[in-house]
Every structure is written in C-alpha cells, then in structure tokens.
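**Student:** Fit chain R to the supplied structure of chain C, relying on the hints for placement.
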Amino acid sequence: MITAAETCDFINEVVCKPANVKELFEFGNFAGTQISRTEILILLAAIIPVLVVFFGLRKKSVVPGKLQSAVESIFTFVKDEIAIGVIGRGGEKFTPYLVSIFLFILVGNLFEVAPLINFPVTSRMALPLFLSLITYFIFVFVGIKEEGFGYISHLVWPPGVPVALKPLVGVIELVSVLLVRPFSLAVRLFANLVAGHVMLSLLLASAYFFLVQPGGADYILSKAPIGLAWFTLGLGIYGFELIVSILQAYIFTLLSAVYIQTSLHPEH
Amino acid sequence: MEAAYALIGYGLAAIGPGVGIGLIAGNAVQAMARQPEAAGMVRTTMFLGIAFTEALALIGFVLFFLV
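Chain order of the listed sequences is C and R.
At position 106 of the first sequence the residue is numbered 106 (our numbering), and the sequence of numbers has no breaks.
Convert by adding 1000 to the 1-based position in the second sequence; the result is the number in our numbering.
Just chain C, with the same shape it has in the complex (with noise of 0.2 Å):
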C-alpha cells in the first residue's frame, strides 16, 4: 500500500526514472483521494511517537519495563544532554518541544529503512522547512521577550565590534541570524535525506535491475556478479542511513537548542 510502486517497463527501458525531480517537491494522490502516501506518513510518524510514549509510561513503576526505560532514557537524554547541557539555566521548559521535534523527526527519518515503507517523509522540503520555522519563531520570540527591541538592536548594531566594522558585521550577522539559520536547518535536513533517499534507490535498483532481467541463462551468469556487487554496496549504505538518520533527527534538535540558547543568554 505504501510502497513506491510507478509502473515501469522494465524490459524496454534501461532506467526507470520519474516525470521529472520537481516531483521530489510535489504532493501526488494517493489511490484516487486527495491524500497522498506522504501525508499518510506524515500522520503515522506523528501518530507513533504519541502511542510510544503513551503505552511506555501509562504505568509508572519503580522498576522500569523495557518500553519505559527505553522511553525514559530518550527523555532524559533529551533532557541532560540538549535542553539543559546546551540551553543551561531555564532549558529545562523547552524540553517538551525539543522532545516532540526529536521523536518526530526520528521516526520521519527510520521510514527511509523501514522495509516496505523506505520513504523518508522528511526529504520533502515541505516538512523540514516548516519545523524548522517553528524554532525560528521560538527563538525570535525567546530573544524578543528576553531583550525586548534591543534584540534587533543588537542583530544590526552589535554591541562589543569597533564602530567602523558595525555596519558590516550588522549586515552579516542580520542575515546569518534570520534568513540563513531557518534555510539551513531546514536544507540539512532535507539535503541528507534525499541523498540518502537517492543512493539507496539507485544502488537497490541497479542491484535488481543486474539480478533480475530478461534473457538467456549465460547472460544472467554474466552480469549476476555486478548486481550482488551492487546489491553489497546497497546493503553497507542501508546500515550507514540508518545511522544517519538518528544522527540527522540529533543535529536537528541539537541546532534547535543552540539558536534558542543564542537567544536565551545572548552573552555568550
């Protein structure tokens, strides 16, 4: 149901590829609905991490289950390690969000190796540009209410530069602060997911397209070494993006934390 599967002919075509890779950037339908497969997924990856979190710590024992120490230890790590280890003093109110955007963004990133489903839901720019705007409104609003309009003031008039350099620093640290930091959150997260998204696809599919193919008996002996060759390779990156994916949904929430600490204790 939530596979990719176009049609495609195999036999005549060398390369299966899509209409066009804007299609990277576009909502389709879904088996004649107006809900495409993104959006499905987009609801289960906001819909999972609510039913984990809820079964893990339904009942709060002393001596944990797996599922609540699992839970537990995401929590705390969330905590320890990102809202209160980068924020400091008055992270800890920002752990529910940074914990949501954690749990969120990780299960968006574990669709791209879970079987079946193999679709990240984060490689659609849609998704990570819209998180990542969220942080930006906390941290404006967070800098905002911590120095009131001197927190523009600060951006293009820094305090602390020789007065000939202000202009210029102002400039750059105007635009790095609230044109640069949104675009880049959100393009890193995307970037590295459809790259990754990318490579898989093209090394399982030359691995099937080398495995599986028409023709005689001496042929398919023939180009079988290429595909498993291929298909080794795929199988290294699968682990790799795996790995890149709890990475991504860290560095997302690490990032979060930061801009909202610059915000927070603009001293530093």
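Hints were generated in silico from the structure; no laboratory data involved.
Accuracy of the hints is not assured; some may be wrong.
In silico contact screen, one side only, chain R against chain C (beta carbon under 10 Å); selected entries [claimed, not checked]:
hint, residue
1, Tyr1005
2, Ala1039
3, Thr1044
4, Phe1052
C-beta atoms are modelled at their ideal positions from N, C-alpha and C, and glycine is treated no differently.
**Tutor:** The following block gives chain R in isolation, referenced to the frame of chain C:
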C-alpha cells in the same frame, strides 16, 4: 549540458566542506585522546561543527537538483 555544469558545481562545493569535516573530526579525535573525560562535550561540539560545515555541501547538492 546544464546538468553537467551543475554536477561540476556540486563537486566543487563538496571540496571545502570535505576538508573542513576532516579537520573537525581529526581534531575531535585528538582532543578525546588527550582528555578522555571531556569526550562527551567534545562529541557534542564536533557534531555541531560538522553540521555547520556540512550545510555548504548540502546547499550545493540542492542547487544541483534545482538547475
């Protein structure tokens, strides 16, 4: 032809971040070897540095698709 230019552009965009990530990871390993008790802090900072450096290569990668 445009795609070929975009491919060259992506390759060029990957040089700098490649060197940068190598420097970051190498120095982080050195720091962890010299002071193993600071490994946790060094690792967090290393991931931060890698994430910032990697962004340049990834922007090149996205531009390659947009052309």
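**Student:** Indicate, hint by hint, whether the structure satisfies it.
**Tutor:** Evaluation of the provided hints:
no.	hint	in the structure
1	Tyr1005	violated, 16 Å
2	Ala1039	violated, 13 Å
3	Thr1044	holds, 7 Å
4	Phe1052	holds, 8 Å
Comparing the model with each numbered hint stated earlier shows that hints 1, 2 do not hold.
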